[in-house]
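With chain S held as given, fit chain A onto it using these hints.
From first to last, the protein sequence lines are chains S and A.
Reminder that position 185 of the first sequence reads as 185 in the working numbering, one-by-one numbering, no gaps.
Throughout, the working numbering is defined as the position within the second sequence, counted from one, plus 257.
Hint data in this document are derived by calculation from the structure and do not stem from the laboratory.
Here the structure is a predicted model, which means the values were calculated and not measured.
Please note that the accuracy of each hint is not assured.
Claimed, not checked - List of simulated lysine to aspartate or glutamate pairs, EDC-like, C-alpha gap at most 16 Å:
1) S/28 / S/62
2) A/487 / A/475
3) S/6 / S/57
4) S/183 / S/9
5) A/526 / S/99
6) S/20 / S/168
7) S/187 / S/129
8) S/183 / S/168
9) A/526 / S/33
10) S/75 / A/486
11) S/75 / A/292
12) S/75 / S/57
13) S/20 / S/9
14) A/487 / S/76
15) A/532 / S/99
16) S/125 / S/99
17) S/20 / S/219
18) S/23 / S/62
Said to hold, decoys possible - Some chain S residues close to chain A (C-beta under 10 Å, calculated; not the full set):
19) 54
20) 55
21) 59
22) 76
23) 86
24) 102
25) 112
26) 114
27) 118
28) 152
29) 159
Just so you know, even glycine gets a beta-carbon here, dropped at the ideal spot from N, CA and C.
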Amino acid sequence: MTIEAKNIDVSYGAKRGKRKVIKNFSTKLNTGETLVVIGSNGAGKSTLLRTLAGVQDFQSGELLWNDTPIGDIKKDQRPHIVSAMFSNYLRVDGFTVLDLVALGRQPYTGVFGKLKPADWDICKKALVDVGMENFENRQIFSLSDGEYKKVLLAKMLAQDTPVLIFDEPTTHLDLPSSIEFMKLIKKLASQAGKIAVFSTHNLHVAFQLFNTVLLLGEDGQYVQGAVDEIANHELTCSFLRTTDVKFEKGKLIYNIQ
Amino acid sequence: MENRRNFRWLWIGLSAGVLIYVSLFSGSVPIAFSEVFFTGHPDNISRVIFLESRIQRTVASVLGGTALSVAGLLMQSLFRNPLAGPSVLGLSSGASLAVAIVMMGSFGFTLGGFGLVVAAIIGSSAVLVLITILSARFRDITSVLIVGLMLAFFSSAMISLLQSFASETAIKAFVFWGFGSFADLSLSRLGIFAIPLLICFILVPFLSKPLNAVLLGETHARSMGVSIEKFRWSVIVLTGVLTGVVTAFCGPVAFIGLASPHIARFIFKTVDHRKLIPAALLIGGLIGLVCDIIARLPGSHHALPLNTVCAFMGAPVVLYLIVQGRKRSILL
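Here chain S stands alone, though its shape is the one from the complex (with noise of 0.2 Å):
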């Protein structure tokens, strides 16, 4: 699996004053890679997840799937290629957990959205690999918003796509869940062989626990590297803004003053 941005631009405001947040943009990703997008709030993390999700138009460029322009790859088909959480998911309390599972198995479905018995024991599985077994029948209102993600990420297993997109899923976790949270996807890239690409804002955790980083700058500037290369990319330093965060053999150190 593959999953490839040629010289993309995406711009917002069709008609007057058209803002390009990401011009010439390029990555590739095989099986088994993380990417993990860090930038500053409005550098364009959730439309370049957007884009690369397929949720989001882009103006220029080819984005391909396993070698396959987008554009030619039917709507129905996409759910079953790439999965995505994203930031602005509304929470639907009149489910119970392993209902909202189960829309993660609808792409696989008939017209009704009929779920046969090989369906349910995926969308089981899915909530035991993310160790929420327990919660089956709670209803969505009464989970955290940690475990309310944890559910949303079971509903991405059960979909079982190769490829996963997060949009800054730790936001609003406390620091345990944030890591916990980031060490199933890395579970899940390594082990099940996945690609994911998530975004967060989270650095001290991420780059702990992720080798690849993606760093958007303003006006569509970007770097992509280990995260000791671009440790210290100019880049790098107009990013963090201040004297009281640096860089130091992969890790970030604070020392405020």
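For chain A alone, kept in the frame of chain S given last:
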């Protein structure tokens, strides 16, 4: 759990049976079951009333209730707004304005029942399209409701304008139509009423998959392979037809469309449209029956306008559900 579920169906089945019986046999002139079916002359008055008025009225109140309920459910899911409904978002007002133009405008010719229906469908769909476009711009629930409210004000102003130039008979007809009623359908018009609604009822369940995907928002639906534009247009057309047809024949009936889906969610404890659509159909039909029966004031020679009954029943129900729903998080 399973037992309680069966119990629920038993209750609904029982109340449906009782309500249909009451609807068929009571009213300003109570009629007896035996007189209609067994004893009595073929032309006796009970049988005539039964065949020429009661059956139509019962069918109309069931169909009208289900149609508004499903329309309300579709709108609540499309806008992800628990307070959406055909009357709240101004669809009924749009249909009313279209009907007013047909009934009171000086066309010099009468369009008849069919023209009225088409006008009402166009009126309600137009409002829905307008709200969909504007809601994409606002994104928040309250603004969309205010837009609906303003559209309602605008169309009632337009209607007043039309009324000041219309003939007295036309005004009278329009005012009576505005009270709302499930009673005014002859057997021949019942066909024009029922066929489009039944077609919609058959089509709506095909939307349950995208409707469920949209519960988590449009981005989620897109990532699940839903073609949002196609989905949105399907909902707009179906809701427009459902609301338009009911409004053309029964007047701008308030509250049923807003309250029924909530009662369905409340009773069936689900937000899954595969269960919720049949549930909303059932509950809508029952509520249509209840409202119509109360409007008849059985045993008395008076009758109430349907909209009076709907408002009396619907407003407290909606308030109760909002208060309870906030607590138990069953609103959507």
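Inset, instruction - Assess, step by step, whether the Cα of residue 23 of chain S is no farther than 16 Å from the Cα of residue 62 of chain S, and give holds or violated. - result: Holds, because 13 Å separates the two Cα atoms, which is no more than 16 Å.
Inset, instruction - Have a go at the residue 152 of chain S hint: is there a Cβ in chain A nearer than 10 Å to its own Cβ? - result: holds (9 Å)
Inset, instruction - With a cut-off of 16 Å on the C-alpha distance, tell me whether residue 20 of chain S and residue 219 of chain S pass. - result: Between residue 20 of chain S and residue 219 of chain S the Cα gap is close to 8 Å, so the pair holds against 16 Å.
Inset, instruction - Take the C-alpha atoms of residue 183 of chain S and residue 9 of chain S, compute the straight-line distance between them, and say whether it is at most 16 Å. - result: Violated, at about 32 Å.
Legend entry - Pair hint residue 526 of chain A and residue 99 of chain S, alpha-carbon separation not exceeding 16 Å: It holds: about 13 Å lies between the C-alpha atoms, which stays within 16 Å.
Inset, instruction - For the pair we were handed, residue 125 of chain S and residue 99 of chain S, check the Cα-Cα distance against 16 Å. - result: Roughly 14 Å between the alpha carbons, so the hint for residue 125 of chain S and residue 99 of chain S holds.
Legend entry - Restraint outcome when residue 86 of chain S is required to lie within 10 Å of chain A by C-beta distance: holds (5 Å)
Inset, instruction - Below or equal to 16 Å on CA atoms is what counts here, so check residue 183 of chain S against residue 168 of chain S. - result: holds (15 Å)
Inset, instruction - Take the C-alpha atoms of residue 487 of chain A and residue 76 of chain S, compute the straight-line distance between them, and say whether it is at most 16 Å. - result: Holds: residue 487 of chain A and residue 76 of chain S sit about 13 Å apart, inside 16 Å.
Legend entry - Pair hint residue 526 of chain A and residue 33 of chain S, alpha-carbon separation not exceeding 16 Å: violated (42 Å)
Inset, instruction - Mind checking the alpha carbons of residue 75 of chain S and residue 57 of chain S for me, to see if they're no more than 16 Å apart? - result: Roughly 13 Å separates the two Cα atoms, so the pair holds.
Inset, instruction - For the hint on residue 159 of chain S, just tell me whether its beta-carbon gets within less than 10 Å of chain A. - result: holds (8 Å)
Hints 4, 6, 9, 11, 21, 27, counting from the list given before, are not met by this structure.
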